[in-house]
Amino acid sequence: MPACCKSASRAKVCASWDRRPWAAKTVRMRDSRSFIVSKSSNRERGQKHHGGMRQQAAHNNTIGYNHRRRAAAIYQGFTVTTASTTSPSWAWVKQLQSPQIAAQHAHDVDQQARFPRESLAAFQSEKLLNAPVSVAMGGKGLTMRGQCELVALIAQRCGSSAMVLAMHYSQLACLTRNAQGSAFFTQYLRDMADKQWLLGSMTSEVGTFGDTRSSICAVEREGDQFVLNKEATTGSYCAYADAILVTARRASDAQASDQVLVLVDKHQAQLTHNGVWDTMGMRGTCSPGFSLRSQGGIEQVFPTPYSEIASQSMVPYSHTLWSALWWGLAYSAYDKAATLVRNQARKNPGQVPPAATRLAELMVKVQAMRRHWQGVADEFDALVEQGSDTNTLQEMGWALQFNSLKTAASQAAPAIIQDALLILGIPGFNNQGPLSVSRALRDSLSGALMVSNERIAAKSASMLLVYKDQ
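With the working numbering applied, the sequence shown has no gaps in its numbers, which climb one by one up to 470 at the end.
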């Protein structure tokens, strides 16, 4: 309540003012410092429109405005005071240069199928690569929901840049959540605050036919050292990573499913390309097959079995982050379609463009897709806050939930983009231009292949034979 409210009547007036949907919202951190995030007045936006379309145009503009406002990240420790009719915003997201830098180079990254080095430099400059690490260890304590929102925001500009960040975050989660008690990994996380290392991934292997939960290669122990050689069908941007997380059998006599995760530093690895990365989409991720020859200290082998790492960290983070990314691609196409329809409405005041109905139907799909991954991320963060995530995430119900999220999102994204294309017409069909959805569509098609939907469906089917939803 403002200090000026000294009388009961004036207090009522000010309280009413504070409840206005366009009133400024206060966001407070634990150290009691605060800043004001102003929400533009609906009246001010309405004044930009005229004629019989004033209210309708203002409403349409508000839809797109609020979607952009929601593309923000969440820090642990924030207490948000906001009206239920609005979505929270975080000022630091607006100050980031990474999304704009990713957008500037997205076309060239796609055309040349090159690594988005400018985006990586921006991530490092803005200390985003260790943002999920706890504040005590030099990070920002970014929650899963916050990571998803950030990845979705960047995906609207450049899918490849967003995928690199999403993959890095899923690897980082393995360190922050499954390497407790290891002096090596604890120091590694502390060093990331200054070094901003990029973590790559190598979980696929020639001969396993896409089954990442089994390995042929094995860790060979020689005293306090290890030797690890692997033939990978894909290696996520491994040529540009500072370290690679590699799956392998625990030992040469271990079963294929008895896996461990090993951190291999780039200075300890010899990589040989096994193919050319010239794909339909996600061209900037530069993830061809590799032959890996490596050796290092035995302390670089994770103390937790990979079966636990996968269920507690790798799968939850990768599937949820990917889903947020695919939504970002879908939303970028929807936003372009909405822009076109609004422009048509301005040219013909008093008339609702024919495509507006199709846009309204499309918005339902966009919102449903977003609520799905947001809901899963929020549930995950709640488990972490309660301290019950370690055991709960290994339950069959959660495995099915992550499987369902991944398959649903990977199918929804290209469908939404194609629906947006029907609204956009030829301008959206062109490979270039402000309304083109070519790159977003091609990038979205990778979703069904990143851990095959058919393989996931088969695993879900086997679990459903014994699982009863409660």
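Rather than coming from a laboratory, the hints here were simulated on the basis of the structure.
Beta carbons are placed, not taken as given, at the ideal position from N, Cα and C, and that holds for glycine.
Treat the hints with care, as some may be off.
The calculated label-pair distances, taken between Cβ atoms and stated as ranges, are [said to hold, decoys possible]:
id: 1; residue 1: E126; residue 2: A239; range: 19 to 25 Å
id: 2; residue 1: N391; residue 2: Q187; range: 24 to 30 Å
id: 3; residue 1: A183; residue 2: Q100; range: 36 to 42 Å
id: 4; residue 1: A193; residue 2: Q351; range: 23 to 29 Å
id: 5; residue 1: S307; residue 2: A103; range: 19 to 25 Å
id: 6; residue 1: A121; residue 2: G350; range: 48 to 54 Å
id: 7; residue 1: P349; residue 2: P434; range: 21 to 27 Å
id: 8; residue 1: A461; residue 2: V206; range: 42 to 48 Å
id: 9; residue 1: D378; residue 2: S307; range: 21 to 27 Å
id: 10; residue 1: A254; residue 2: Q97; range: 34 to 40 Å
id: 11; residue 1: A103; residue 2: V352; range: 37 to 43 Å
Keeping only pairs whose Cα atoms sit at most 27 Å apart, straight-line, the calculated DSS-like set for lysine-lysine is [unchecked claim]:
id: 12; residue 1: K140; residue 2: K127
id: 13; residue 1: K347; residue 2: K266
id: 14; residue 1: K347; residue 2: K459
id: 15; residue 1: K127; residue 2: K347
id: 16; residue 1: K195; residue 2: K266
id: 17; residue 1: K140; residue 2: K347
For each hint, the structure was consulted:
{"no.": "1", "hint": "E126 <-> A239: 19 to 25 Å", "verdict": "holds, 23 Å"}
{"no.": "2", "hint": "N391 <-> Q187: 24 to 30 Å", "verdict": "holds, 28 Å"}
{"no.": "3", "hint": "A183 <-> Q100: 36 to 42 Å", "verdict": "holds, 40 Å"}
{"no.": "4", "hint": "A193 <-> Q351: 23 to 29 Å", "verdict": "violated, 56 Å"}
{"no.": "5", "hint": "S307 <-> A103: 19 to 25 Å", "verdict": "violated, 40 Å"}
{"no.": "6", "hint": "A121 <-> G350: 48 to 54 Å", "verdict": "holds, 49 Å"}
{"no.": "7", "hint": "P349 <-> P434: 21 to 27 Å", "verdict": "holds, 23 Å"}
{"no.": "8", "hint": "A461 <-> V206: 42 to 48 Å", "verdict": "violated, 27 Å"}
{"no.": "9", "hint": "D378 <-> S307: 21 to 27 Å", "verdict": "holds, 26 Å"}
{"no.": "10", "hint": "A254 <-> Q97: 34 to 40 Å", "verdict": "violated, 46 Å"}
{"no.": "11", "hint": "A103 <-> V352: 37 to 43 Å", "verdict": "violated, 31 Å"}
{"no.": "12", "hint": "K140 <-> K127", "verdict": "holds, 9 Å"}
{"no.": "13", "hint": "K347 <-> K266", "verdict": "violated, 57 Å"}
{"no.": "14", "hint": "K347 <-> K459", "verdict": "violated, 52 Å"}
{"no.": "15", "hint": "K127 <-> K347", "verdict": "violated, 44 Å"}
{"no.": "16", "hint": "K195 <-> K266", "verdict": "holds, 14 Å"}
{"no.": "17", "hint": "K140 <-> K347", "verdict": "violated, 46 Å"}
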